[in-house]
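Peer 1: Sequence:
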Amino acid sequence: MNAALGGLLEVLFPSACVACDAVLSRGRFFCADCAPLLLEVGPVHCGRCAEPGRFADGVCPRCRKVQPDFHRAFAPYEHDGAIARAIHRFKYEDHPELAGPLGALLSERSADFLARAPVHVCPIPLHARRYRERRYDQATLLAAALCRARPGLTLADGLLERHRATERQVGLSDEARVRNVSGAFTARSGVEAVLLIDDVLTTGATASAAARALRRVGVRRVEVLSLCRATRVFLH
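Going by the numbering used here, the residue at position 193 of the sequence shown is 181; the numbering climbs one at a time, nothing skipped.
Read the hints as simulated data drawn from the structure, not as lab findings.
Among these hints, one or two may not hold up.
Stated by the list, open to error - Pairwise CB distance ranges, derived in the manner of DEER restraints:
hint	residue 1	residue 2	range
1	Pro139	Arg42	12 to 22 Å
2	Glu149	Pro84	17 to 27 Å
3	Gly178	Gly30	32 to 42 Å
4	Ser177	Ala20	18 to 28 Å
5	Ser177	Ala23	38 to 48 Å
6	Arg117	Pro84	25 to 35 Å
7	Ser177	Asp9	21 to 31 Å
8	His76	Ser177	32 to 42 Å
9	Glu81	Arg104	30 to 40 Å
10	Val54	Gly30	40 to 50 Å
11	Asp82	Val47	35 to 45 Å
12	Ala116	Tyr80	36 to 46 Å
As the list claims (entries may be wrong) - Only pairs whose alpha carbons sit at most 20 Å apart, straight line, appear in this in silico SDA-like list of lysine to any residue:
hint	residue 1	residue 2
13	Lys79	Arg120
14	Lys79	His67
15	Lys53	Gly178
16	Lys79	Ala99
As the structure is a computational prediction, the values presented were derived from the model and not from experiment.
We put the beta carbon where it would ideally sit given N, CA and C, even for glycine.
Given only the sequences and the hints, what does the whole structure look like? Please build it.
Peer 2: The following block contains the structure:
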């Protein structure tokens, strides 16, 4: 695309803030009002599940108690402010077109993690019933957009299937989350290492259940990447 055509398209179809839809200059994701509301996870977090904070031996209490079935995880942002608003619009307000900019944002802000991550990218899928309700699978759209934004990654969206419908994880205790997604996934073999993609990582129960299904069919390494990490309070 030449510069003149790119400029014309920008005038006809200007970029918009992913959180509030305000018109943006080209090459940005958030407007001047929303950008200050972003909270980055940063380099200090659990080495397994990406829970923000400084922990003994670099591992949070949850992962010390029950080791996840995935090897490591990362999310560039905490689930709050502008990014939480953007994800809500993407998932629940019928904005599948946000997959493109959010995938590009994920690629840009996760460059260091992706440099050592598996190249086969697999979204954590919705159950067929939830897909019919929403009419699109946000994790699959996000994974596809990430692959378009970062050459070298390969979309492998046929590796996992959520064969059992589950409750929404929001509001469930840690233990209930694990029970809710236990045995919910089936997997196909074919690759040795997989990068799982989802929009939000909370306790890691869903990602762990998906990773367990993949490891049963011979996948040796599973890593997880999401847009944001919901922080949890640890009670001692």
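Peer 1: Hints first: check each against the structure and report whether it holds.
Peer 2: Against the structure, the hints:
Taking the beta carbon of each, Pro139 and Arg42 are about 35 Å apart, not inside 12 to 22 Å as hinted. Range check, Glu149 to Pro84: Cβ separation about 21 Å, and the 17 to 27 Å hint holds. The hinted window of 32 to 42 Å between Gly178 and Gly30 holds, with their beta carbons roughly 35 Å apart. Distance hint for Ser177 and Ala20: a CB-CB separation of about 48 Å, inconsistent with the stated range 18 to 28 Å.
Distance hint for Ser177 and Ala23: a CB-CB separation of about 43 Å, consistent with the stated range 38 to 48 Å. Between Arg117 and Pro84 the beta carbon distance is about 18 Å. The supplied range of 25 to 35 Å is therefore violated. With their beta carbons about 42 Å apart, Ser177 and Asp9 fall outside the hinted range of 21 to 31 Å. The supplied range of 32 to 42 Å is met by His76 and Ser177, whose beta-carbon atoms lie about 35 Å from each other.
Distance hint check: the CB atoms of Glu81 and Arg104 are about 35 Å apart, consistent with the given range 30 to 40 Å. Hint check: Val54 to Gly30, Cβ distance near 25 Å, so the stated range 40 to 50 Å is violated. The given range of 35 to 45 Å is respected by Asp82 and Val47, whose C-beta atoms sit roughly 39 Å from each other. Hint check: Ala116 to Tyr80, Cβ distance near 19 Å, so the stated range 36 to 46 Å is violated.
The hinted pair formed by Lys79 and Arg120 meets the criterion: a straight-line CA distance of about 13 Å does not exceed 20 Å. Between the alpha carbons of Lys79 and His67 the distance comes to roughly 14 Å, so the proposed pair stays at or under 20 Å and holds. Our distance criterion of 20 Å between C-alpha atoms is broken by Lys53 and Gly178, whose separation comes to about 31 Å. Distance restraint check for Lys79 and Ala99: the Cα-Cα separation of roughly 24 Å exceeds the 20 Å cut-off, and the hinted pair is therefore not satisfied.
Hint compliance for this structure: hints 1, 4, 6, 7, 10, 12, 15 and 16 are not met, and every other hint is.
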